[in-house]
Amino acid sequence: MNNRKRIFIKLFILLTFFLTLILVFSCHKKRSDIYNDDISLAKIYLKEKLSIGLSIPFPPMADYDSNGNLVGYDIDVLTEVCNRLEVKPDFIIIDWSEKLDLLKSEQIDVLASGFGLTPERVGVYLMTRPLVQNAQVLVVRSDSTNINSMKDLQGKFIGAQTGSTGEAIIADLMDKGFKCKLQTYSQIEIEISELKNRKLDALIIDLLVINSYIHEEKLDFRILNEALEDEKYVFAFRLGDKALKEEVEKILLEMARDGYLEMLTRKWFYANISLIR
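Going letter by letter, the sequence shown gives residues 502 to 778 in the working numbering.
Simulated from the structure, these hints should not be mistaken for lab results.
Derived DEER-like restraints, expressed as beta-carbon distance ranges:
no. : residue 1 : residue 2 : range
1   : Asp721    : Thr663    : 24 to 30 Å
2   : Asn726    : Glu607    : 40 to 46 Å
3   : Ser694    : Asn584    : 32 to 38 Å
4   : Glu695    : Gly760    : 38 to 44 Å
5   : Asn698    : Ile540    : 49 to 55 Å
25 Å max Cα-Cα, derived SDA-like pairs, lysine to any residue:
no. : residue 1 : residue 2
6   : Lys657    : Asp676
7   : Lys751    : Ile593
8   : Lys733    : Ile557
Cβ coordinates follow ideal geometry from the N, Cα and C atoms, glycine included.
Required output: the full structure, derived from the provided sequences and hints.
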């Protein structure tokens with residue numbers, strides 16, 4: 502009988518010990534989960550606005566109309582996203598070369614106006630699935646008949662926007678031995694003016710953007726047939742803001758299903774080039 506009692510007491514002690522361990526680890530896990538919880542979406546709801554960083558002008562993605570109102574594909578898309586989130590869109594014009602610092606410091610919540618998906622940006626930004634297809638192209642004056650490909654720009658002046666995909670492409674080519682003179686500009690309109698006034702020999706620029714400029718401003722420019730890099734436009738968030746990114750992406754999918762994204766691509770690009778279907 503005494504042996505049975507001792508065995509029972511030992512079993513009781515062991516059971517109590519294991520239950521205590523389970524309770525301790527369970528409590529620890531809950532505290533850890535709370536500490537590491539992603540509150541990025543909750544913060545947007547609390548401040549009742551989504552702060553969106555833009556580079557202006559960047560037509561047809563983001564620009565001012567003749568009345569000083571912001572217009573463009575990204576403007577329309579994110580305005581509707583905010584409507585469905587039931588928060589206000591807060592569009593902020595930024596220096597594109599400072600976009601990552603502004604995002605990290607939480608002065609903005611998302612980057613738009615033609616943000617290109619590139620391998621270098623993976624792991625630096627948290628990005629949505631691609632919205633539309635783009636390409637990085639070379640543009641010259643129509644009378645520059647001696648320039649028909651990248652190789653014809655050896656020793657020439659090439660313009661690009663500071664912090665753009667185009668700048669990174671040319672810089673990479675130069676690192677590999679390509680000889681040219683890269684000039685960077687804070688605004689697209691300045692580099693376009695420089696090309697027009699013969700201070701540059703070519704631009705590397707987004708196809709969708711320069712196509713809009715050529716048609717709207719009747720520029721006497723020519724887009725070379727050689728695309729330097731295919732590119733897809735996305736919206737970019739801070740790396741840790743998974744909850745916010747996923748909610749925005751969920752709304753984009755809803756907008757694709759109900760035909761809203763198709764309507765916007767037809768409005769701004771005259772065709773349904775939406776990649777979100």
